[in-house]
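Chains as they are written, first to last, in the working numbering: chain D, 1 to 256; chain R, 1 to 256; chain B, 1 to 303; chain H, 1 to 303.
These aren't lab readings, by the way, just hints derived from the structure by calculation.
Fair warning: there could be bad hints in the mix.
[As the list claims (entries may be wrong)] DSS-like mimics (lysine-lysine), calculated; alpha carbons at most 25 Å apart, straight line:
| id | chain 1 | residue 1 | chain 2 | residue 2 |
| --- | --- | --- | --- | --- |
| 1 | B | 205 | H | 292 |
| 2 | B | 292 | H | 205 |
| 3 | H | 88 | D | 81 |
| 4 | H | 88 | R | 2 |
| 5 | R | 253 | H | 205 |
[Claimed, not checked] Only some residues are given here: those of chain D computed to face chain B with a beta carbon under 7 Å:
| id | residue |
| --- | --- |
| 6 | 51 |
| 7 | 224 |
| 8 | 227 |
A virtual CB, placed ideally from N, CA and C, is assigned to each residue, including glycine.
So the chains spell out like this:
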Amino acid sequence: MKKYMSDLIVTANTPLNNQYFLLKLTSKETLPAMLPGQFVEVLIDDCSNVFLRRPLSVHFVDKTSNELWLLVQRIGKGTEKMSTWQAGQLVNVLYPLGNSFSVPEKQSSVLLIGGGVGVAPLLLLGDYLKNKAIVPVFLLGARSKSDLLMLEEFAKYGTVYTTTEDGTYGEKGFVTQHSILQQKFDKIYTCGPTPMMKAVAAYSLKNNISCEASLENTMACGIGVCLCCVQDTTDGHRCVCTDGPVFNIKDLKWQI
Amino acid sequence: MKKYMSDLIVTANTPLNNQYFLLKLTSKETLPAMLPGQFVEVLIDDCSNVFLRRPLSVHFVDKTSNELWLLVQRIGKGTEKMSTWQAGQLVNVLYPLGNSFSVPEKQSSVLLIGGGVGVAPLLLLGDYLKNKAIVPVFLLGARSKSDLLMLEEFAKYGTVYTTTEDGTYGEKGFVTQHSILQQKFDKIYTCGPTPMMKAVAAYSLKNNISCEASLENTMACGIGVCLCCVQDTTDGHRCVCTDGPVFNIKDLKWQI
Amino acid sequence: MADLTTMLGSLQLKNPVMTASGTFGYGDEFADFIDIAAIGGIIVKGTTLHHREGNAYPRMAETASGMINAVGLQNKGVDYFIEHIYPKTSAIDTAVLVNVSGSTIDDYVATAEKIADLEHIPAIELNISCPNVKQGGMAFGTCAASAYEVVDAVRKVYPKHLMVKLSPNVTDITEIARAAEGAGADSVSLINTLLGMAINANTRKPVLSTVTGGLSGPCVKPIALRMVWQVSRAVSIPVVGLGGIMNATDAIEFFLAGATAIQIGTANFIDPTTTVKVIDGITSYLDANGYKSITDIIGKLEV
Amino acid sequence: MADLTTMLGSLQLKNPVMTASGTFGYGDEFADFIDIAAIGGIIVKGTTLHHREGNAYPRMAETASGMINAVGLQNKGVDYFIEHIYPKTSAIDTAVLVNVSGSTIDDYVATAEKIADLEHIPAIELNISCPNVKQGGMAFGTCAASAYEVVDAVRKVYPKHLMVKLSPNVTDITEIARAAEGAGADSVSLINTLLGMAINANTRKPVLSTVTGGLSGPCVKPIALRMVWQVSRAVSIPVVGLGGIMNATDAIEFFLAGATAIQIGTANFIDPTTTVKVIDGITSYLDANGYKSITDIIGKLEV
Ligand SMILES: Cc1cc2nc3c(=O)[nH]c(=O)nc-3n(C[C@H](O)[C@H](O)[C@H](O)COP(=O)(O)OP(=O)(O)OC[C@H]3O[C@@H](n4cnc5c(N)ncnc54)[C@H](O)[C@@H]3O)c2cc1C
Ligand SMILES: Cc1cc2nc3c(=O)[nH]c(=O)nc-3n(C[C@H](O)[C@H](O)[C@H](O)COP(=O)(O)OP(=O)(O)OC[C@H]3O[C@@H](n4cnc5c(N)ncnc54)[C@H](O)[C@@H]3O)c2cc1C
Ligand SMILES: Cc1cc2nc3c(=O)[nH]c(=O)nc-3n(C[C@H](O)[C@H](O)[C@H](O)COP(=O)(O)O)c2cc1C
Ligand SMILES: Cc1cc2nc3c(=O)[nH]c(=O)nc-3n(C[C@H](O)[C@H](O)[C@H](O)COP(=O)(O)O)c2cc1C
Ligand code: FES
Ligand code: FES
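Chain D extracted, bound-state conformation (with noise of 0.2 Å):
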């Protein structure tokens, strides 16, 4: 897929709570496609001590707006900083960049397991699954009901459930103890911190389901070309922002 280097415009940053944040950006041209999973490099010139891109998520994008959104989470001086962008503010971004969630099969059923700020590609892959005719299933968890994000929007695509550590919404403890999990999927697609996604792996492994999952590593350039975000997998070091973000669980090295 071809990717862009472009001046984007925010046109809304709305803070979700005292963590995250939703940033809508737009283009004068009409934004290209983007497939679930895929990320894009944000620059952050107006911070001293920010040097390299950030990599996000695409967590959707609205094409009637012609909205590119991310849904980030104050962790560090780069997205503190974001936070404070405001509308009209122009923002360098590099789009689209990595691979994707796969397409499943017509017809099979479909559980989006997503932690903390780990929903984010979760979005648009539901959107994606509904223009395939697949209705998944969400199962989403974070640490209490005020860091549970978007239900509304991913209730346009599925069925939510959830799970707070602090069982505050949904159902107590971590995503992999919910009782979803007792109905059997075809398909498991997850983004979240590594152990919740090692336990989702260990989970579908022993149910002999097909599982993705989207990992994070430290990036500098998001192209391929500095090797710096490599995951190990049964094929040797192959590097995340380009053979990944997602990656098919069995191709990875990870002890579960």
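Take the given structure of chain D and dock chains R, B and H with the ligands to it, following the hints.
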């Protein structure tokens, strides 16, 4: 004089022409007394290529509104950024720094010669002289009419004469060619580009007029500890940030 | 419009802007963003005799105005390069150079020998300065005698343009440069990365799997510029300058300091169009200042 | 609240945060901003046997996340220090160290000898690493033999704590550190500035009057951290770490890497209250992580 470091609040940031802007900062506490010729060191912490603070003259202190005024020329990365600061923004400032113009004898005739952004410290000097019951003459030079700044403010404290290089306002030419110099003054204070100040110094020496000039230099600390900002004087290397920025021209080893 | 044609000894480049090894892949990764044939020279990823998996991850730490990498020369080996990558790089209408790395002199020699046969590779850059491999690498480049030895051995088997990439992790880089020149190098390029380290205070662990790694980016520019200036006055062969170049102004500083050509490394990660912007910016600078050719400013620092 | 008391060999400091020579004047310049007696140690400006005017201006260039200085040890000489400055520094209720610089071994010895007599100066920092003087300075610190020689000579006349400040402009800093230790140094401090250069592309002139100068600030932190880690594993005497420390997190990284104390340099220019903020931040870190004493984290990097 006691020095302060504090976060001042931008109350106004007004473009004066395409190069200059007037930045007004206020403090929660009452601003301390600042003397004419003193400067401040401004932190520009939202700019990726700026590391050190930027030295800027105290243009004026408005006691009624408790505001510090800075008259700034957009010249590079830091001042460019400053020109985008908006009301409400916090700015970390060290102040007041450096020595100051000396107090002239009562009832002496005083000429204040400024060029370009070098007019900045002369406004506070005008105010200061007024309080000493001295009415100075201002001679302000610029490239062109639009670069002559704050004329009405200066006019509050004395008669204002001007030169422009292109003759679009006042007398055409350089300040040192202005007809007012045919009058005899007891004291000259000057600030502006070094060639201008050297010409003023030459005139003063020739006419045996006491003259003080406010110098610039590359500064790292602004408080006399790094020894980066030295000026060659008859007494050896002296720091512009503490022994200056104001020097009596007879102490300078200027080749004029 | 000023002439940017650059002669590195007998190696002609259409302009003096090259890409630094390990930061530009094999070129085509940038084809969506720029016309890669517009670049003066593309230096591909460090290539070794055998396939290398490189270091474990994490391999990267961001630092103030820079980054540390610990890639460790991950590459599929020279034979893979020749078979699978060379056919593609041959199609790029500009000079493509191979950065040759190794752990032993024999490795360097064997790799260089294989590349010597490739028609569309007019030169190699001999990397005697990689800080990210346990054996060899930087060790060769931090001692004049071993630098001489490896350059001399490669020189014997490699008849085309031999550029030697120097390490900044030395007391006196001019000594190493002179050794390379003495052993027959056609040019020297500098600097490779500075050995650095990053620690995560929260986890109390090194950020990189290898503890230390190579520092690059604008943070190292003052050091690179100083070394280019020193080396260009110490040797007669052309000097290729790099280290922290982010824009045309940075590049011009290197030319003034004595570099005949420059390389863009880490900047490619921040802005993949940096190379062409720098080329355009150099032309504008030369035109605005009335220079007819890039050669008019090389080493023209007024000291 | 965790105990910050620090022992540099037999030299006791109330906490491990010192100020770097040449960046803190003689201390009182900061009295408007902070309680300078709260600092663990103040190392005053480089002091030489005779008065020095230092280099011509311009002496400073801003760089990416750092600066280059070419002050050249401007100071009024040791006798002036003793007569006019020492009486004032004696009144500061913390350890005040003198940074001793020189062009010849005799100079170093004579200066150290004079300072040895000062009751309120418990230690000197021997600067064998100043890149900004034509003779001596860094030359001593870039060769193990000459480093040994000058430390050995000073050791004979200076009975109190002898800290030796090392240059990062070397191939192997552990070699120089071991030479200093062998010659009797009580501690080593590192790093001094890296030799760098800045050019103004518009004027085509060097920014500094001396062409090259010393690079400092956060840009050098990765290199400093690496060297502190290397040296602390190579010698048995305490290591004092510095280079680009801007905040408590940076400081903690140096402790983890093996520094017993740290120094704050360039950061004082950006924020004159850095020292006390770092002291507070270290305490918070130790308390938050359940450490009783600063000594609990020194060298505790989990590799
Ligand atoms: C392919 C990909 C997609 C991503 N998608 C999203 C997304 O949609 N929404 C979102 O909020 N975040 C996402 N991230 C993570 C995001 O890139 C980081 O949170 C961000 O770069 C942190 O920048 P910062 O400057 O705020 O933090 P920094 O100041 O750089 O770091 C703060 C702390 O976070 C740690 N940290 C920094 N980056 C990472 C990382 N990549 N992984 C783990 N720890 C890290 C640092 O070690 C440090 O301790 C994604 C990452 C990748 C690789
Ligand atoms: C005591 C003092 C008082 C000052 N008062 C004022 C004032 O009231 N208003 C005002 O607009 N400016 C004033 N200046 C100058 C001001 O500090 C600089 O213009 C500013 O630091 C430039 O910062 P920058 O980041 O915009 O430019 P940079 O990006 O740092 O530099 C842009 C260009 O300007 C040159 N430059 C940078 N700083 C200086 C300098 N100090 N002198 C000469 N050339 C320089 C650089 O070499 C470069 O070529 C004063 C300087 C001093 C020392
Ligand atoms: C991720 C990365 C990988 C690198 N790989 C190589 C390499 O394989 N061979 C080599 O000679 N230099 C390698 N380098 C060093 C660069 O080519 C260059 O010398 C250095 O980064 C300094 O230039 P810069 O500051 O412009 O990046 C690498 C640098 C980076 C950042
Ligand atoms: C302006 C300036 C002057 C300095 N003068 C001295 C000096 O006189 N003696 C010395 O040993 N080091 C001197 N240094 C080096 C510092 O003490 C310190 O080693 C170096 O700046 C690295 O630390 P930093 O990055 O925290 O500044 C000076 C540094 C600066 C920036
Ligand atoms: S981030 Fe550079 S290769 Fe993946
Ligand atoms: S700016 Fe540091 S002494 Fe003047």
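Hints, one by one, checked against the model:
Of the pairs offered as hints, the one joining residue 205 of chain B and residue 292 of chain H holds, with about 20 Å between alpha carbons and a cut-off of 25 Å not exceeded. Note on residue 292 of chain B and residue 205 of chain H: the hinted pairing holds, with a Cα-Cα distance of about 20 Å set against a maximum of 25 Å. Simply put, residue 88 of chain H and residue 81 of chain D have alpha-carbon atoms about 45 Å apart, too far for the 25 Å limit, and the pair is violated. The straight-line distance between the Cα atoms of residue 88 of chain H and residue 2 of chain R is roughly 18 Å, inside the 25 Å bound, and the hint therefore holds.
Between the alpha carbons of residue 253 of chain R and residue 205 of chain H the distance comes to roughly 23 Å, so the proposed pair stays at or under 25 Å and holds. Interface hint at residue 51 of chain D: satisfied, since its Cβ lies 6 Å from the closest Cβ of chain B, which is below the 7 Å cut-off. Interface hint status for residue 224 of chain D: upheld, as the beta-carbon distance to the closest one in chain B is roughly 6 Å, under 7 Å. A hinted interface residue such as residue 227 of chain D counts as satisfied when its beta carbon comes closer than 7 Å to some beta carbon of chain B; here the least separation is about 5 Å, so the hint holds.
Consistency with the previously given hints fails for number 3 only.
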